[in-house]
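In order, the protein sequence lines correspond to chains B and R. Just so you know, we're using UniProt numbering here: the first sequence kicks off at 1 and counts up by one. Just so you know, we're using UniProt numbering here: the second sequence kicks off at 1 and counts up by one.
Do not take every clue at face value.
Identical copies look the same in the list; a pair holds intra-copy or inter-copy alike.
[Stated by the list, open to error] Under the rule of at most 27 Å between Cα atoms (straight-line distance), these lysine-lysine pairs were calculated in the BS3-like manner:
hint: 1; residue 1: 72; residue 2: 468
hint: 2; residue 1: 99; residue 2: 59
hint: 3; residue 1: 319; residue 2: 142
hint: 4; residue 1: 356; residue 2: 142
hint: 5; residue 1: 338; residue 2: 150
What the hints contain is simulated information worked out from the structure, not anything from laboratory work.
2 protein chains.
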Amino acid sequence: MTPVLTIAGSDSSGGAGIQADLKTFTVHGCYGASVITALTAQNTAGVQAVYGVPPDFVKQQMNSVLDDIGVKAIKTGMLFDTENTKAVAQILKGHFDTKGHIPLVCDPVCVSTSGHALLHPDAVDTIIDELFPLSDLITPNKAEAELLLKQRDFPSRIANLQDMINAARRLRTLGPQAVLLKGGHCVVSLRELANISSDDTQVIRDDLLDENSNILRIHGRKEQHVDSLVVDVLCTSDNHITIFVRTKLQSTSTHGTGCTLSAALACQLARGTPLSEAVRLAAAYTHIGIETAIPIGSGFGPLNHNHSITPRLVPPRTKTNPYPLTSSLLRSSRMIWKEYVQHEFVVLLGKGTLPKENFLHFIKQDYHYLKYYARAYALLAAKSHAYAPISAAIDVVFSIVQESSMHMGYCAEWGITEDELINTSESPALTAYGAFLIDTGMQGDSMKLVVALAACLLGYGEIGLWLKEEAQAPDSWVQWEGNPYLKWMEDYSGDIYQKAVKAGLETLESRAAADAPSLVRFADWQDVWERCTRLEKGFWDMAIDEPRSLNSRLLSYVASSS
Amino acid sequence: MTPVLTIAGSDSSGGAGIQADLKTFTVHGCYGASVITALTAQNTAGVQAVYGVPPDFVKQQMNSVLDDIGVKAIKTGMLFDTENTKAVAQILKGHFDTKGHIPLVCDPVCVSTSGHALLHPDAVDTIIDELFPLSDLITPNKAEAELLLKQRDFPSRIANLQDMINAARRLRTLGPQAVLLKGGHCVVSLRELANISSDDTQVIRDDLLDENSNILRIHGRKEQHVDSLVVDVLCTSDNHITIFVRTKLQSTSTHGTGCTLSAALACQLARGTPLSEAVRLAAAYTHIGIETAIPIGSGFGPLNHNHSITPRLVPPRTKTNPYPLTSSLLRSSRMIWKEYVQHEFVVLLGKGTLPKENFLHFIKQDYHYLKYYARAYALLAAKSHAYAPISAAIDVVFSIVQESSMHMGYCAEWGITEDELINTSESPALTAYGAFLIDTGMQGDSMKLVVALAACLLGYGEIGLWLKEEAQAPDSWVQWEGNPYLKWMEDYSGDIYQKAVKAGLETLESRAAADAPSLVRFADWQDVWERCTRLEKGFWDMAIDEPRSLNSRLLSYVASSS
């Protein structure tokens, strides 16, 4: 959050002035402060009224900001009149003298897009004399450049590219370190561009259509625009000229274009971006802002300042919410999650009244489910790019393989032989879940598989903690001591399993924090999470229902045979 | 870009006032307009000066905005004095009367976080009498609620949760549709919360730690905060109470908290979010803004307004830049891309001077490469979720299989038998590239594979177009007619192949537009693209170098045997 300051007018309609600047700062990830030199009552149709802020109050605002906020770059826009311009220059000079220079972008705003005068004519000299010498860059448009040059008796007419280059060089002699002469209103031809090239002149086509990109040029059908080019001309302190070429846009969404460009430049310079690259990036940001604008208002509408950001779907991890992804997933599947972790099977197990046949059916199917689960973790290892995640995934595989023999021993206690266990055929609910894990792993990236694997890991952890917590209440419905399924409850509420739960949470959250998902990816994770949660519930349903229906089939067999 | 209007004071330091509002609007994807009622010279240490804007100019700003911008919600903040409050209420009433009501959030700002009075005391009655009846929601904090209640001779002391509920209900009788009483300064206990529940009261814990989330509570070690809860109390038009509970934060980054909350509420209401959900979302946004703030200034610093957005790495598709992803990929690997598409092999081929042995070596290896390429597209089909991409991928597989027999016929013309072609052993450069495609497909999601497959598809398209364009120049270095490799050049510059190139561009771009990549994913795409580009260059290197070294080995064998 690099702090950046704008010193400019306020545009009530929000498209230009400090409003455009603050929006631009925000989407560039900078922190915006603003000193207001004048208020306007304004909209897309024009400027209805202007109210100048007294120079002393401009100074007070500047001192409040500069004394406290560690501003890394400053832009000036509409300064209104001579007194306010003097006030701004005086405070800036004092600040630079005492605390050192920081990048200053001066947008010498004289006239609004709609044609309204925004600077008293007698202030032009003050800007040149007092502000230009402090400026790293000035950003006049054609009209402003002509006005500034005329003021100092330079040839001022700008009619073609060579005029622009000459004008940029002359403007630099007025004091600023560099000049960016904006040419949005002048069309130049490819022939003009070709004639210009010399040792101290560089041409940058931001759209990269000059070299090794025939496929983009031809398939994008750009050739039809080839004669509608506009340029910005940058003259740097060594008198070097850089010409930034782009396609001219036909648009009425241009209210605040100059404000936006100089604000974006201030953000780039605040971060230390070299000047030429800063201009390329700021011009591209502004260009796309015009081209993607949605009409607002009846006249010259504002740019789209938001094209360079997307919403962040999973909030950042914080102390009070260390598990934002998991919270979001639980919230999005709240009902089915509850049906899973508080399933009838779990409740009966906690009461100790679950029929043995249901538990045995569950545990035999679980033995085979764990094979899929181990294979899915092995697949996760195969999809990982670094030793740490490979090792973490393979540790889980190893644990499951070890547990399988314990599982067998456990089954033996319940009278299930090794043969019976191995030869148990898969219930559809188990195959659905196991194969879904493998399929998810094959289809997507490793994070998608991590999400799929989490529903089992976290759900059994939740069940273990829930039963244990409920058991501790007075007159609890959970029977802990003496419960035939005590070992199962102890296993999933115990330290070893809960340590795995915590590690699983960390993996999910650290990966989501390191690579925030887009809307589409997040929806994909929610879908996978919910499907796995449903498949878990289906697994419990199977454990409850299949022995029942087997019994009813046996009963009807007995009935029919008798 | 839903337009939202704030009517409030300006905070030069950028943390509160219209500045906080505009930042909040922007990151919520809304378009912000702003009417300024007063200027402050202010920073994180306090308010140094206040300058009231004349009521007529407040009216002018409001008219400019409301006459032109289709505002969908309005918030009011600091209104400064009685006259400005009257001016705001008058224009709003007139606007609502003629154009219909839109959601109005009134933040009855009286005192700044730093303790500075921001409203003339005699304006309190005006706010109650003229603004509250127009308001859908008012958002006082404890101090403001006490002031408002006292003004109307209600019991005003707020010391606990029950006081807050009573106060919210009493404030609603003053005129607004709903009241959100902010309790950021009052700690409440779990016991108080438990005692409150009744039929017309609902408790919402935003962190979801109340139900089926023991894993988050216990592993997040939240129990240590369990007694530091704060609540906001919402009283709606049916007198229903909703209590929003969250963990109290210890932070000095609270400058502009109230402005931010009411601005976020205005955004939610502008979009039609139901009130209770709007409060939950706006409170969560504000809470995270405080918790993730980075210190700025020496006193009460601003919130982090940017936590809910991330940068968009690939620009939106526009008319002047229809292929932004491909442009970015070409830009990021500009040098190696050039070495690939303008490789010595390509240049010699275009001149017609490429030795036959190099071409034959290339074409034999290419036959085997295309098997990997077909398998990679089959894998892409297997990783796709909808019939359209499955069909598109399988079409490519089918084309390659068909081409393989043409390839064989083509080789026959150059004297290569079917046996020789099939029994050619793979060069390492080919195996590296082919196996990299399969590995990339196994590791990542389908888009990563699409990017990997594009380097070959687009590169050969670029080469075809380049040679064809160069051939058309006068005295071209490219020999077109009579070139022994004419058919190869015609194939890759021809309509059938270029149609595939265009389709490939569309797939890349439409997928990137539909699911904008994060920084990490984009870096991953760049990496895959660059590696494939290098592997393509390696393939040409192989075609140039391996016959040469074979020749030199043969020569040295001849030399040593003679």
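So, going through the hints one by one against the coordinates:
no.: 1; hint: 72 to 468; verdict: neither (55 Å within a copy, 51 Å between copies)
no.: 2; hint: 99 to 59; verdict: within (17 Å within a copy, 41 Å between copies)
no.: 3; hint: 319 to 142; verdict: between (53 Å within a copy, 26 Å between copies)
no.: 4; hint: 356 to 142; verdict: neither (87 Å within a copy, 59 Å between copies)
no.: 5; hint: 338 to 150; verdict: neither (76 Å within a copy, 47 Å between copies)
Comparing the model with each numbered hint stated earlier shows that hints 1, 4, 5 do not hold.
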